[in-house]
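Engineer: Here's the letter readout for the chains.
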Amino acid sequence: MSLTTNSNALAEKLQSRDATREPAWVRNLLITIALIFFLSCLILPLILVFVEAFKQGVAVYFQALINPDTLSAVKLTLLTAAIAVPLNVVFGVAAAWSVAKFNFRGKSILTTIIDIPFSVSPVIAGMMLVLIFGTQGWMGSWLMDHDIKVLYAVPAIVLATIFITVPFVARELIPLMEAQGTEEEEAAIVLGASGWQTFCKVTLPNIKWGLIYGVILCNARAMGEFGAVSVVSGHIRGETNTLPLHVEILYNEYTFSAAFAVSSLLALLAIVTLILKTWVEIRQEKQNKRNEESQVS
Amino acid sequence: MSQRSRVLPGFGLSLGFTLAYLSLIVLIPLSAVFIKSLGIGWDGLWEILSSERILKSLQLSFSAALIAALVNVVFGLLLAWCLVRYSFPGKRIIDALVDLPFALPTAVAGIALTSLYAPTGWIGQYLEPIGIKVAYTPIGITLALIFIGLPFVVRTVQPVLSDMETELEEAASALGANRFQIITKIILPILFPALLTGFALAFARGVGEYGSVIFIAGNQPYETEIAPLMIISRLEEYDYAGATTIAVVMLLISFAILFLINLLQAWASRRTGRTAP
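As you go down the protein sequences, you meet chains A and B in turn.
Residue numbering for the first sequence follows our numbering, beginning at 1 and increasing consecutively.
Residue numbering for the second sequence follows our numbering, beginning at 1 and increasing consecutively.
Calculated from the structure, these hints are not laboratory results.
Fair warning: this is a prediction, and the values are worked out from it, not measured in the lab.
Just so it is clear, CB atoms sit at the ideal spot from N, CA and C, and this is done for glycine as well.
Be a bit skeptical, because a hint or two may be false.
Quick list of the computed label-pair ranges, beta carbon to beta carbon [as the list claims (entries may be wrong)]:
| hint | chain 1 | residue 1 | chain 2 | residue 2 | range |
| --- | --- | --- | --- | --- | --- |
| 1 | A | Glu293 | B | Ala171 | 51 to 61 Å |
| 2 | B | Pro89 | A | Glu285 | 16 to 26 Å |
| 3 | B | Arg271 | A | Asn291 | 26 to 36 Å |
| 4 | B | Arg271 | A | Glu285 | 30 to 40 Å |
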């Protein structure tokens, strides 16, 4: 009897004090501050890109886009991503397979090394390549003798982009594959599947969404990288300009409408990236739920 | 070696490829920086570092990154809190847009922020009359770094906050704690390791950031030149020794600060019995 009165009193006390939630006015104030910060810092810049791009009319906008220099920048950006992303996917899968499925000494050192490109300034990443391939660099005179151009040409742009985007796929896959363990693969091997079959039929379907997620982020960064590429590109119009570098040149020449028109392409890329990312997240949640359900049953 | 590694194939191949790839792409190029710096010698190092212009740029890069990361801790926590605990219209869209700074190329962010906060810009025109100059000042640099660093804090705090049991808060409330006490004594200590991780990531990114800062900075010597810009201008003058020295100093200070944060992290998780994400 006394127990119920006690708990009733407690419940009343809880209700009246309501110390697990903020009062409504505090809640609304916090949401308002967060939204104002969010709008002025993140959303306005995005809107501004499109407004400025169309400021001088649709004709000027499309003229900036079909300009030969812009088109060659689009081509170089696509080419760079088409080389860098697949290489980093192969690396990411190999790194995740060795780190997540096996035990070996120095594993934590390996994962730390994989993360290095995230904590190195992109400018320093570009500088490394100058130190190696520049005329005074390690390989500079050898490259000159053999008439191979790396620095201020496409190879250095691709190398810089690969360095910057190394961790994306691996970082996404390692925790995922660690959480999934090795039992399913072991079962496949015991039942007589080859290593390659096991990977394609067992592992790949399990990591599919994580892999796609990593590719989306890796691709966005590869196409948008500025600092590292800027150091090694040489800024030759129509030859070694990627889209972000082309934006810089147009902006510094005070052709703002053209700069923002080209920027709008990259902003669209960002929006598509975010939409795909959200879609993959939803699919991933669904897959997780299904896995949990099948484990319960 | 555990037994499972003998059942599954491909260990040698995958690890071998991983190590070869990392060596070629990351380790050998990075070692080039340190080997180059060894050739400069102490005297050369001092000479380069005693240049006031370089010192000022290092000071600016680190202090702007520090302030931006602190601002991000406050607003990142606020944003994560609103996204996890409250419901409001457009929440799903805002949640997705938090990652915009990761997806938007930095050069685009740079020119957009500059146009926004320039004296004639959408926001700048209201700040100019009250005497606040944002574009082409250290404030503008910090603002760009806030833009770049925000998702790091939100995305490390958010999962911890949504995993947090409300039972703890209910228990504290039943024991007589008020809301302020619950937030300062229970919620913040639990979030501390995640906040620290977010801070470290935002700070590390901010120190090295180039693309989003370079347009809004104005790049006045001694005043708004960031350290990465100094590296680039040294490289353009073929002063590889100078560029390398600035780079090595930046790398060493960054690694030292990240190491300190790791120590703090370990201490905090021992105290609260939780590990950072």
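Engineer: If a hint holds in the structure, say so; if it does not, say that too.
Structural biologist: Going down the list of hints, with the structure as the test:
1. A beta carbon spacing of about 32 Å between glutamate 293 of chain A and alanine 171 of chain B contradicts the range 51 to 61 Å that was offered as a hint.
2. Under the hint 16 to 26 Å, the C-beta atoms of proline 89 of chain B and glutamate 285 of chain A, about 22 Å apart, fit the expected range.
3. Checked against the hint of 26 to 36 Å, the C-beta distance between arginine 271 of chain B and asparagine 291 of chain A comes to roughly 35 Å, which is consistent with it.
4. Remark: the range hint 30 to 40 Å for arginine 271 of chain B to glutamate 285 of chain A is upheld by a beta-carbon distance near 33 Å.
Hint compliance for this structure: hint 1 is the single one not met.
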